[in-house]
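Participant: Sequence:
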Amino acid sequence: MKVIFRFILSLFILFIFNKSSYSEIKNGKNNFELANKEYSLSNYNKALELYEKIDIKSSSLYYNMGNIYYKNNQKTKALAFYLKAKKLSPYDSKIREKINLINKEIDYNTSYFNSSFIWNDFFTLEEIIVFSIFMWIIFWFVFILKKSKSTKNNYLDYIVLSFICINIFTILSLISKLSDENYQKGIIITKSADIKTSFDNSGISLSKLPEGSFVLVYEKSSDFVKIKNPDGVSGWVRNSSIVVIE
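Start counting at 1 in the sequence shown, then tack on 996, and there's your number in the working numbering.
The hints are simulated quantities; they were obtained by calculation from the structure and are not laboratory data.
A few of these clues could be false.
Cβ-Cβ distance ranges computed for the label pairs, FRET-style [said to hold, decoys possible]:
#	residue 1	residue 2	range
1	Glu1123	Val1240	36 to 42 Å
2	Val1138	Asn1235	49 to 55 Å
3	Ser1236	Leu1037	24 to 30 Å
Everything numeric in this text was worked out from a predicted model, so none of it was measured.
Even for Gly, the Cβ is constructed at its ideal location relative to N, Cα and C.
With the hints as constraints, model all of the structure from the sequences given.
Facilitator: If you want it as structure tokens, here you go:
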């Protein structure tokens, strides 16, 4: 039931909001154009200051921020924003090239952020939903056509069987993508980050995470993020210590 609800909700969002649409950023956030202008003039720090004020998801926004962090030699933070950009535009070769470049320079294994379905790494959730709906429409069209035929038609039988296989694959792919959306991941961007028992200053430190650690993200408060590290230790780290890939 939860998966079905998420499917319907995602479909609704698809038609009312395109999260990587430049036109919506332009209409809703004038800072984006101003920041791009500063970026084109190589005023990177001024551009970054403007970018950080923009509260909207955009692959081009995250990509430019990643470029600025990279120029400022903040490579881990640059990688985090390239990964945020990749999640919105998984087919963009420029973003993938930047991620591969940083992987070579600082030896990070970003396969942690890959989906269990390789297919999902090249398409957004909305695109998979649209493809799935399209395949089901074709399937029912062919199925009804087959039923309307009075004589046996092996050709149509094979087509129906093929679409059944394709639709099973797209359903599994969609479930996997929804699971990826539910369990966000993050990167520690400071030299080290304390994992604390609670989301306030009174929390006891459980362990420290070094820069570049990849973690699962479960919950966010105003100042802290609840995470689980690769060793299975759960706790809270400061917002300033982590970039969440969402």
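Participant: Could you run down the list of hints and mark each one as holding or not?
Facilitator: Now the hints, each set against the structure:
1. Glu1123 with Val1240: 36 to 42 Å: Check failed, 22 Å falls outside 36 to 42 Å.
2. Val1138 with Asn1235: 49 to 55 Å: holds, 51 Å
3. Ser1236 with Leu1037: 24 to 30 Å: Hint holds: Cβ distance 29 Å, inside 24 to 30 Å.
Of the numbered hints listed earlier, the single one contradicted by the structure is hint 1.
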